[in-house]
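Protein sequence lines, in the order shown, are assigned to chains A and B. For the first sequence, counting from 1, position 302 maps to 304 in the working numbering; every step adds exactly one. For the second sequence, counting from 1, position 397 maps to 399 in the working numbering; every step adds exactly one.
Please note that a few of the clues may not be correct.
What the hints assert, rightly or not - No farther apart than 20 Å at their CA atoms in a straight line, the calculated lysine to aspartate or glutamate pairs in the EDC-like style are these:
1) A:K232 with B:E213
2) A:K231 with B:E315
3) B:K231 with A:E263
4) A:K320 with B:D50
5) A:K231 with B:E213
6) A:K66 with B:E213
7) B:K232 with A:D73
8) B:K231 with A:D201
9) A:K262 with B:D278
10) A:K232 with A:D201
11) B:K168 with A:E21
12) A:K232 with B:E315
13) A:K262 with B:E127
14) B:K362 with A:D78
Unchecked claim - Covered by chain A, according to a simulated footprint, are these stretches of chain B (three or more residues, beta-carbon under 8 Å):
15) 28–34
16) 79–93
Derived from the structure by calculation, the hints contain no laboratory data. All figures in this text were calculated on a predicted structure; none of them were measured in a lab. Ideal Cβ positions, reconstructed from N, Cα and C, are used throughout, including at glycine.
Protein chains: 2
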Amino acid sequence: MHLVFVGRVIGNLLQPELEELIRERKFNELREILCEFPVMDLAEIFTDISPGDEAVLLRILPHKVAADVFDHLGLDDQEKMLHALGNEEVALILNDLPPDDRTALLEEMPAAATQKLLNLLSAEERKIAVDLLGYPKDSIGRRMTPEYVAIQKNWTVQDVLAHLRKVGREREMLNQMYVVDEHGHLVAMARLRDVVVSDPSTPVASMLIEEVFSLHATDDQEAAVTAFKKYDQTMLPVLNSQHILVGVVTVDDVLDVAEKETTEDIQKMGGMEALDAPYLKIGLFSMIKKRAGWLAVLFVGEMLTATAMGYFESELEKALVLSLFVPLIISSGGNSGSQATSLVIRAMAVRDVRLRDWWKVMRREVMAGFSLGCVLALIGLMRILLWPNREKVYGQHYVLVAITVASSLIGVVMFGSLAGAMLPFLLKRLGFDPAVSSAPFVATLVDVTGLIIYFSIAYQILHGTLL
Amino acid sequence: MHLVFVGRVIGNLLQPELEELIRERKFNELREILCEFPVMDLAEIFTDISPGDEAVLLRILPHKVAADVFDHLGLDDQEKMLHALGNEEVALILNDLPPDDRTALLEEMPAAATQKLLNLLSAEERKIAVDLLGYPKDSIGRRMTPEYVAIQKNWTVQDVLAHLRKVGREREMLNQMYVVDEHGHLVAMARLRDVVVSDPSTPVASMLIEEVFSLHATDDQEAAVTAFKKYDQTMLPVLNSQHILVGVVTVDDVLDVAEKETTEDIQKMGGMEALDAPYLKIGLFSMIKKRAGWLAVLFVGEMLTATAMGYFESELEKALVLSLFVPLIISSGGNSGSQATSLVIRAMAVRDVRLRDWWKVMRREVMAGFSLGCVLALIGLMRILLWPNREKVYGQHYVLVAITVASSLIGVVMFGSLAGAMLPFLLKRLGFDPAVSSAPFVATLVDVTGLIIYFSIAYQILHGTLL
Numbered sequence: 003m004h005l006v007f008v009g010r011v012i013g014n015l016l017q018p019e020l021e022e023l024i025r026e027r028k029f030n031e032l033r034e035i036l037c038e039f040p041v042m043d044l045a046e047i048f049t050d051i052s053p054g055d056e057a058v059l060l061r062i063l064p065h066k067v068a069a070d071v072f073d074h075l076g077l078d079d080q081e082k083m084l085h086a087l088g089n090e091e092v093a094l095i096l097n098d099l100p101p102d103d104r105t106a107l108l109e110e111m112p113a114a115a116t117q118k119l120l121n122l123l124s125a126e127e128r129k130i131a132v133d134l135l136g137y138p139k140d141s142i143g144r145r146m147t148p149e150y151v152a153i154q155k156n157w158t159v160q161d162v163l164a165h166l167r168k169v170g171r172e173r174e175m176l177n178q179m180y181v182v183d184e185h186g187h188l189v190a191m192a193r194l195r196d197v198v199v200s201d202p203s204t205p206v207a208s209m210l211i212e213e214v215f216s217l218h219a220t221d222d223q224e225a226a227v228t229a230f231k232k233y234d235q236t237m238l239p240v241l242n243s244q245h246i247l248v249g250v251v252t253v254d255d256v257l258d259v260a261e262k263e264t265t266e267d268i269q270k271m272g273g274m275e276a277l278d279a280p281y282l283k284i285g286l287f288s289m290i291k292k293r294a295g296w297l298a299v300l301f302v303g304e305m306l307t308a309t310a311m312g313y314f315e316s317e318l319e320k321a322l323v324l325s326l327f328v329p330l331i332i333s334s335g336g337n338s339g340s341q342a343t344s345l346v347i348r349a350m351a352v353r354d355v356r357l358r359d360w361w362k363v364m365r366r367e368v369m370a371g372f373s374l375g376c377v378l379a380l381i382g383l384m385r386i387l388l389w390p391n392r393e394k395v396y397g398q399h400y401v402l403v404a405i406t407v408a409s410s411l412i413g414v415v416m417f418g419s420l421a422g423a424m425l426p427f428l429l430k431r432l433g434f435d436p437a438v439s440s441a442p443f444v445a446t447l448v449d450v451t452g453l454i455i456y457f458s459i460a461y462q463i464l465h466g467t468l469l
Numbered sequence: 003m004h005l006v007f008v009g010r011v012i013g014n015l016l017q018p019e020l021e022e023l024i025r026e027r028k029f030n031e032l033r034e035i036l037c038e039f040p041v042m043d044l045a046e047i048f049t050d051i052s053p054g055d056e057a058v059l060l061r062i063l064p065h066k067v068a069a070d071v072f073d074h075l076g077l078d079d080q081e082k083m084l085h086a087l088g089n090e091e092v093a094l095i096l097n098d099l100p101p102d103d104r105t106a107l108l109e110e111m112p113a114a115a116t117q118k119l120l121n122l123l124s125a126e127e128r129k130i131a132v133d134l135l136g137y138p139k140d141s142i143g144r145r146m147t148p149e150y151v152a153i154q155k156n157w158t159v160q161d162v163l164a165h166l167r168k169v170g171r172e173r174e175m176l177n178q179m180y181v182v183d184e185h186g187h188l189v190a191m192a193r194l195r196d197v198v199v200s201d202p203s204t205p206v207a208s209m210l211i212e213e214v215f216s217l218h219a220t221d222d223q224e225a226a227v228t229a230f231k232k233y234d235q236t237m238l239p240v241l242n243s244q245h246i247l248v249g250v251v252t253v254d255d256v257l258d259v260a261e262k263e264t265t266e267d268i269q270k271m272g273g274m275e276a277l278d279a280p281y282l283k284i285g286l287f288s289m290i291k292k293r294a295g296w297l298a299v300l301f302v303g304e305m306l307t308a309t310a311m312g313y314f315e316s317e318l319e320k321a322l323v324l325s326l327f328v329p330l331i332i333s334s335g336g337n338s339g340s341q342a343t344s345l346v347i348r349a350m351a352v353r354d355v356r357l358r359d360w361w362k363v364m365r366r367e368v369m370a371g372f373s374l375g376c377v378l379a380l381i382g383l384m385r386i387l388l389w390p391n392r393e394k395v396y397g398q399h400y401v402l403v404a405i406t407v408a409s410s411l412i413g414v415v416m417f418g419s420l421a422g423a424m425l426p427f428l429l430k431r432l433g434f435d436p437a438v439s440s441a442p443f444v445a446t447l448v449d450v451t452g453l454i455i456y457f458s459i460a461y462q463i464l465h466g467t468l469l
């Protein structure tokens, strides 16, 4: 026996060897090598070679193994593979794919290709596939499989085991089995673990769980993520709008959804639209479009800084030294705002912070902003007061300039923390996604306000000396 | 029967009613109400009431249910509850907790409290708890439970089922069962689903899987997250350094780890140290400390902008109009850098982008940066050329100023995109966490360089007219 440890080395190591065997058409030798690897590692090997070679290798594998490997490939690799394979091979693989994974593949394809692939399915599988594709995009229905195990209330453990021996092989998940009434309504659930630890003569009724957590097929997939986290289950039943049990969703399908959601959040927090595709896969033009929109909006917002600077132009003329600290002061506000907004958006996403906590968050950020502002003010003070040639660089009133900069830092950092923390609440309250409150968004807001704070304080402190 | 749907309403709805019953000491009525709810919802109800009331409710519940509800509370609620309960009640609950959840609770407590709690455990449970706490913090050992099911190679399906009926009730997860040799080494695995769909007389040997994916107890918990995603399993066996099977890890424990990791990434990307605690739970001073460090570092870096501005002071004196666009130009570089760095860090985290892809990413970002720069340049050009009173605000050479600003925008946005995209690669190559390449970090880098780009271009274009 050999143990296989986690790591992405197998594909890279074998790649040259496999490619040589393919070129030399040593297919028997290839099959022998490939059959030694578990399916997961085969899928990894396939990811690292060219689509043409992938198709060759898939043909070499025994049919059951080939379908299993295909199921574990990424959607992109699956799509490429379908193009490289013949209709007959595609039909074999598609009919064998679990219905939920098949929906994921079909929904990625262009409409014409989807239709062509549906035609390759057997009548029974086609009906399942068409039903699942009928649910809205991003709904739970699209991630579900109708292959659950139904049991009867009056069975014993022995009956359940006999039933599993008959139908279990074709079901994806056996962890939960369901009892439905004559209308198809979900009545109760039995856990496989309770069944297998009980005596064969035990009536199933004694282990039925009547409080069944369930999902709605048309609900957003995010609801499923929340439910799995909350209920600690590995599968959940799915009902349609008439409360009829139509399928099950498993936790592994939801892991991907959760990951995709977080990616979208992070991209929005970075100041752009969510890409909806892996970075290296999305077309360059599509990516630029998703980034240009927000960048242009922020740019137009940031133009207000030029207006603000223009408004204070006479002050700048009298005290050019003030302009030296403009980038330093506005960026400090932006940085503290970026911290606060990242903290609050993430805390909202993992439900550590709710809408009703806005007051608590505000109090915390006022105090945090003040303390952080004081830290930076102290560094800024020292920088100016202890600088060599300070009188030459900052003029004879360098002490007043230092006090102006330090006071502005406290004000700007406080405003940055507060704006960064409150903006996600405001957005959420208005029904927008709080993640839109990106670091660049907050920075732009704080830049304009920061300039006004800075020049107002400067006017107060330097009035009569420099101004 | 009643179906329970996902949502956080139960606690809030019931809270006043429950509190009144507690005040009136109507404990029988309380028990009746509580016993109607499934464990998960009870845990939710408990989260929303005061710790004192929680302890009262927990005492009312049947002992088994109480332990189960306790297991589903958050770590903070568990800690508070332990303080509110008597030693005897704590002992009952702690001895009943699954070993992995108990480790999670014990490692959160101060050392003295942990010792006190360990003393409340039975000899057997104490040995398990001490063993698990012996693994390094954040290692897989800390998230594992030793309660797996061991089977013999020469058994039949009937033997396995008989064994499960004997020991299965006390095991957390039955989905995989393991065969070990006389040295305790893991030899093979059988899946429960294969066992239950097979005829009772089938030898287990026919369904043993010899390629078992396993984890090491001392490995970082991130390795477990990666393995579960890759191998599509709900549980994985854990080996010690002598390759002896010491326990199992289940996917639900790892969901939390994955979420915590992403939170850390997002906080680092926001420009601070990871908080290691929920936003509303961490002490104000600890939070300020985690934020002040990076904020001060960025501030010191940003001071270079004051130096750069000072270096160009004579240019500013001659053409004060240049100062008006300083915030606009440097912030555009920062924003495009924030986009690029967020994209690349996330793509690295979900393994869409690897170290070896740096060249592909660089080419993409040069093109994206140039295009995005052109978009902003165009908006900037129009802003200056079409502004009312443009000659009064920007002087007689306003066309040259517009060209300066537009060219600088292209340069700065290109540099921002490139720096933002490459910095995570550099950090990762040097062995640091790429998420440290935060939006504020990139912005600071781009601010200083952006000023130099801006003034250099201004010197070239305005030399002989304004400068």
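Verification of the supplied hints:
1. Restraint check for K232 of chain A and E213 of chain B: the C-alpha separation of about 33 Å exceeds 20 Å, so the hint is violated.
2. Of the supplied pair hints, the one linking K231 of chain A and E315 of chain B is violated, its CA atoms being roughly 58 Å apart against a limit of 20 Å.
3. For the suggested pair K231 of chain B and E263 of chain A, the alpha carbons sit about 16 Å apart, so the restraint of at most 20 Å is met.
4. Pair hint K320 of chain A plus D50 of chain B does not hold up; C-alpha atoms about 60 Å apart against a cutoff of 20 Å.
5. A distance of roughly 30 Å separates the Cα atoms of K231 of chain A and E213 of chain B; the hinted pair therefore is violated under the 20 Å criterion.
6. Using a Cα cut-off of 20 Å, the hinted pair K66 of chain A and E213 of chain B holds, with the two alpha carbons roughly 18 Å apart.
7. Distance check on the hinted pair: K232 of chain B and D73 of chain A sit about 13 Å apart at the alpha-carbon level, within 20 Å; holds.
8. With a C-alpha separation of about 35 Å, the suggested pair K231 of chain B and D201 of chain A falls outside the 20 Å cut-off, and the hint is violated.
9. Proximity of K262 of chain A to D278 of chain B is assessed by CA-CA distance (about 23 Å); at most 20 Å being required, the pair is judged violated.
10. Of the pairs offered as hints, the one joining K232 of chain A and D201 of chain A is violated, with about 31 Å between alpha carbons and a cut-off of 20 Å exceeded.
11. The straight-line distance between the Cα atoms of K168 of chain B and E21 of chain A is roughly 52 Å, outside the 20 Å bound, and the hint therefore fails.
12. Proposed proximity of K232 of chain A and E315 of chain B is contradicted: the alpha carbons are some 60 Å apart, above 20 Å.
13. Between K262 of chain A and E127 of chain B the alpha-carbon distance is near 40 Å, which puts this suggested pair outside the 20 Å criterion.
14. With a C-alpha separation of about 18 Å, the suggested pairing of K362 of chain B with D78 of chain A holds against the 20 Å cut-off.
15. Counting residues of the segment 28–34 of chain B whose C-beta lies closer than 8 Å to any C-beta of chain A gives 0; at least three are required, and the coverage claim is violated.
16. Against chain A, the segment 79–93 of chain B contributes 0 residues with a C-beta closer than 8 Å to a partner C-beta. That does not satisfy the three-residue criterion, and the hint is violated.
Hint violations for this structure: numbers 1, 2, 4, 5, 8, 9, 10, 11, 12, 13, 15, 16, all remaining hints satisfied.
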